[in-house]
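Enquirer: Below are the chains, spelled out letter by letter.
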Amino acid sequence: MNILVCLKQTFDTEERIVIENGKIKEDGVKFVINPYDEYAVEEAIRLRDDLGGQVTVITVGPERAEEALRTALAMGADEAILADDPALFGDEYTAAKVLAAIVKQREFDLIIAGNQAVDDGSGQVAVRLAEELGIPHVSTLTKLEVNGNQVVAHRDAEGDEEIVEASLPLLVTAQQGLNEPRYPSLIGIRKANKKPLTKVTLADLGLSLEDIEARTEITETFLPAPKTAGQILSGDLADQVKELVSALKTKDKVVG
Amino acid sequence: MNFELPEEVLQMKDIVRDFVENEVEPLAMQIEEENCVPDALLERSKALGLFGLSIPEEYGGMGLSMLGKCAIYEELGKTINGYTTILGAHNGIGSVGIVELSNEEQRRRYLPKMATGEWIGAFALTEPQAGSNAAALRTTAVKKGDRYILNGQKIYITNAPIAHVFTVMAVTDPAKGPKGITSFIVERNFKGFQMGKVEKKMGLHGSHTAQLYFEDMEVPEENVLGQEGQGYVNALKILANGRAGLAARCLGSCQYLLDRSVRYALEREQFGKPIFEQQIIQHYLSEMAVEIETLRWLTYRVAWMTDQGMNVVKEAAMLKLYGSEVYNRIADKAVQIHGGVGYIAEYPIERFYRDARITRIYEGTSEIQKNIIAAQLKKEYTR
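Here the protein sequences line up with chains A and B, keeping their order.
With positions in the first sequence counted from 1, the corresponding number in my numbering is that position plus 1.
With positions in the second sequence counted from 1, the corresponding number in my numbering is that position plus 2.
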């Protein structure tokens with residue numbers, strides 16, 4: 002079984018976000034495999050170990066993202082593809098187009114990705130990729146069973162569990178709880194440095210800039226307003242309720 | 003000159019750091035109180051490859067350079083030292099003898115299982131009458147047909163309760179003094195092997211040290227490690243090899259204590275400001291930082307020299323001496339900076355203070371290290 006895993010390198014979730022000149026500062030930041038994508042890598046390795054086949058990890062991202070791919074290889078993936086040509090960077094639309102072009106160049110039975118990335122949290126790329134490829138997808142999986150061509154997927158449906166049956170080829174996305182990702186072993190790290198990692202460019206993928214041009218634009222990047230001290234209402238309970246409703250309407254504008 | 007660790011070593015160091023932070027450190031208090039490292043943690047450590055650091059890749063280990071081992075030990079030093087000691091004793095004195103001195107058949111028999119941690123290693127030299135004076139051993143080994151019969155007692159054997167393979171020193175020819183000592187590979191299920199009392203210790207909880215009794219213990223002759231009569235030299239070689247690793251573990255613990263101390267000093271307020279603003283605290287922290295930096299580069303230099311095949315007898319002794327003395331000084335300052343918090347068992351500082359004390363004693367006391375250094379100096383100046 003050929004399994005492709007789409008992953009993204011993100012900030013470590015414990016990093017502090019600093020904005021400088023309208024951009025998020027990356028100096029000295031620790032990068033990791035996006036935690037949801039880590040579940041995807043783990044699930045792919047387990048399936049491969051059970052059913053045989055090959056796991057290929059793919060990412061679109063800058064040169065530093067190679068580190069995330071090497072980590073996935075150290076965990077046990079067989080091969081990696083890095084699209085680090087800056088011409089391939091854009092938004093979710095772009096990423097899905099680029100991934101589709103990479104995927105179309107190879108054989109696959111199953112694609113696994115994280116449900117979302119912890120940095121921008123859009124949750125769009127994997128699902129868009131399935132659309133680009135014209136294959137079905139099941140998102141936010143907490144359990145995955147593969148029997149021959151048939152797949153039973155348990156998905157987290159806003160707190161409830163939905164069980165979906167599908168057949169390969171298929172794209173699924175991983176939710177927290179799908180598995181507990183392993184640490185790469187020390188020997189895995191050594192082996193990873195000898196496993197194939199291919200870099201691809203716009204030209205390699207036969208894409209043109211127009212094909213993949215971003216459909217969205219970031220106009221401003223800013224941090225949430227710092228948390229201020231809460232306000233404790235006092236007085237008659239009925240008055241407090243009125244005051245609260247009015248504050249929610251006018252001050253925080255959370256109620257229409 | 004190049005002060006950078008190789009890329010592969012850095013990658014491994016990162017993984018071990020994550021593992022220690024997320025999997026070991028949260029259990030530190032539990033390990034301390036129950037005086038036991040949970041099996042599940044040992045199993046996860048085995049899966050990571052932490053038992054195969056010294057064992058060559060062809061036998062299923064990592065075959066790490068001393069530099070690589072020290073980088074990993076530095077990270078392992080940043081948590082409860084009892085856990086670190088299980089790994090240190092296995093990868094160091096517990097397996098290095100078999101890696102360096104064994105023949106092919108012995109390697110094939112022992113190393114693959116030691117690399118995975120299925121068989122844990124221990125080193126059995128010390129006896130009631132023979133500690134720093136290793137040549138005063140009384141355990142005897144008498145050849146009888148195709149086997150040796152061992153009789154005697156060993157004490158303070160780290161990992162003894164969980165180890166399967168012991169590197170044992172015994173006297174084969176009492177007339178020859180140190181040259182009459184031979185090393186043996188002993189398995190715990192050999193007839194006549196008995197484990198004695200498990201010691202109650204000041205620190206290193208989770209790691210266990212016990213007595214061993216050999217009563218007409220039968221050891222097949224193919225289990226002689228190296229040549230008959232070379233046991234004393236072997237023991238010294240094995241101990242010398244362990245010194246850099248031990249210092250690297252001290253280094254990790256020192257770094258942990260500095261991190262904690264700086265953060266605490268910045269947070270703790272007295273006289274209306276953080277105690278960090280007191281010059282005396284700044285000086286304590288600066289002194290700690292300087293000693294750690296010195297220890298770090300001495301550690302990596304000795305490791306590098308070892309990997310180059312250079313003679314490091316003097317430097318390894320200097321490093322073991324310096325690493326353990328610095329660890330004790332830093333632990334003392336960390337307690338002082340933390341004040342009451344540093345003395346209370348609910349916080350980790352007092353644990354490090356107790357764990358630090360043994361480093362000046364085991365694997366060659368500070369005093370013995372000074373003797374080794376002086377002997378080397380004498381050699382250099384009188385040749």
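A hint or two may mislead.
[Unchecked claim] Derived SDA-like pairs (lysine to any residue); straight-line CA-CA distance at most 25 Å: (1) A/K26 with B/D20; (2) A/K196 with B/K203; (3) A/K196 with B/T118; (4) A/K192 with B/G65; (5) A/K31 with B/E10; (6) B/K115 with A/A230; (7) A/K196 with A/D50; (8) B/K48 with A/I188; (9) B/K115 with A/D50; (10) A/K195 with B/Y61; (11) A/K200 with A/L134; (12) B/K48 with A/K254; (13) B/K15 with A/K144; (14) A/K192 with B/Q213; (15) A/K228 with B/R265; (16) A/K195 with B/K203; (17) B/K48 with A/R47; (18) A/K196 with B/R19; (19) B/K15 with A/D79; (20) A/K254 with A/R216; (21) A/K144 with B/R46; (22) A/K31 with B/Y61; (23) B/K15 with B/G65; (24) A/K192 with B/E6; (25) B/K15 with A/Y184; (26) A/K200 with B/G65; (27) B/K203 with B/K193; (28) A/K192 with B/W306.
[To be verified] Residues from chain A that keep clear of chain B, each with C-beta distances beyond 10 Å, as calculated: (29) D85; (30) E211; (31) S247.
Hints are computed from structural coordinates only; laboratory data are not their basis.
Keep in mind it's a predicted model, so treat the numbers as computed, not measured.
The beta-carbon is built from N, C-alpha and C at its ideal position, and this holds for glycine as well.
Enquirer: Look at each hint and say if it fits the structure.
Expert: Consistency of the hints with the structure:
Restraint check for A/K26 and B/D20: the C-alpha separation of about 23 Å stays at or below 25 Å, so the hint holds. With a C-alpha separation of about 47 Å, the suggested pairing of A/K196 with B/K203 is violated against the 25 Å cut-off. Restraint check for A/K196 and B/T118: satisfied, since their Cα atoms lie roughly 23 Å apart, inside the 25 Å limit. For the suggested pair A/K192 and B/G65, the alpha carbons sit about 13 Å apart, so the restraint of at most 25 Å is met.
Taking the CA atoms of A/K31 and B/E10, the gap is about 17 Å. The hint holds against a cut of 25 Å. At most 25 Å may separate the alpha-carbon atoms for a hinted pair to count; B/K115 and A/A230 exceed this at roughly 60 Å. This hinted pair checks out: A/K196 and A/D50 have alpha carbons roughly 17 Å apart, not beyond 25 Å. Distance check on the hinted pair: B/K48 and A/I188 sit about 12 Å apart at the alpha-carbon level, within 25 Å; holds.
Straight-line distance between C-alpha atoms of B/K115 and A/D50 comes to about 23 Å, which keeps the hinted pair within the 25 Å bound. Taking the CA atoms of A/K195 and B/Y61, the gap is near 19 Å; set against the 25 Å cutoff, the hint holds. Note on A/K200 and A/L134: the hinted pairing holds, with a Cα-Cα distance of about 21 Å set against a maximum of 25 Å. Straight-line distance between C-alpha atoms of B/K48 and A/K254 comes to about 55 Å, which puts the hinted pair past the 25 Å bound.
Simply put, B/K15 and A/K144 have alpha-carbon atoms about 33 Å apart, too far for the 25 Å limit, and the pair is violated. A C-alpha spacing of about 41 Å is found between A/K192 and B/Q213, which places the hinted pair above 25 Å, so the restraint is violated. Distance restraint check for A/K228 and B/R265: the Cα-Cα separation of roughly 24 Å lies within the 25 Å cut-off, and the hinted pair is therefore satisfied. The suggested pairing of A/K195 with B/K203 is violated, with an alpha-carbon distance near 45 Å, which exceeds 25 Å.
A hinted pair counts as satisfied when its Cα atoms are at most 25 Å apart, and B/K48 with A/R47 qualifies at roughly 19 Å. Proximity of A/K196 to B/R19 is assessed by CA-CA distance (about 24 Å); at most 25 Å being required, the pair is judged to hold. Restraint check for B/K15 and A/D79: satisfied, since their Cα atoms lie roughly 23 Å apart, inside the 25 Å limit. This hinted pair does not check out: A/K254 and A/R216 have alpha carbons roughly 30 Å apart, beyond 25 Å.
Taken as a hint, the A/K144 and B/R46 pair is honoured in the structure, with Cα atoms around 23 Å apart against an allowance of 25 Å. Between A/K31 and B/Y61, the direct Cα distance comes to roughly 34 Å. Violation of the 25 Å bound is thereby established for this hinted pair. Only pairs whose Cα atoms come within 25 Å are accepted, and B/K15 paired with B/G65 is accepted, the gap being roughly 15 Å. With a C-alpha separation of about 22 Å, the suggested pairing of A/K192 with B/E6 holds against the 25 Å cut-off.
At most 25 Å may separate the alpha-carbon atoms for a hinted pair to count; B/K15 and A/Y184 meet this at roughly 13 Å. In summary, the hint linking A/K200 to B/G65 is not supported, as the alpha carbons are separated by about 31 Å, beyond the 25 Å threshold. The straight-line distance between the Cα atoms of B/K203 and B/K193 is roughly 29 Å, outside the 25 Å bound, and the hint therefore fails. Annotation: proposed proximity of A/K192 to B/W306 holds, straight-line Cα distance about 23 Å (limit 25 Å).
Listed as outside the interface, A/D85 is consistent with that label: its C-beta sits roughly 18 Å from the nearest C-beta of chain B, beyond the 10 Å cut-off. No Cβ of chain B approaches the Cβ of A/E211 within 10 Å, the least distance being about 39 Å, so the stated non-interface status holds. Every Cβ of chain B is farther than 10 Å from the Cβ of A/S247; the closest lies at roughly 40 Å, confirming the non-interface assignment.
In summary, the numbered hints that this structure violates are 2, 6, 12, 13, 14, 16, 20, 22, 26, 27.
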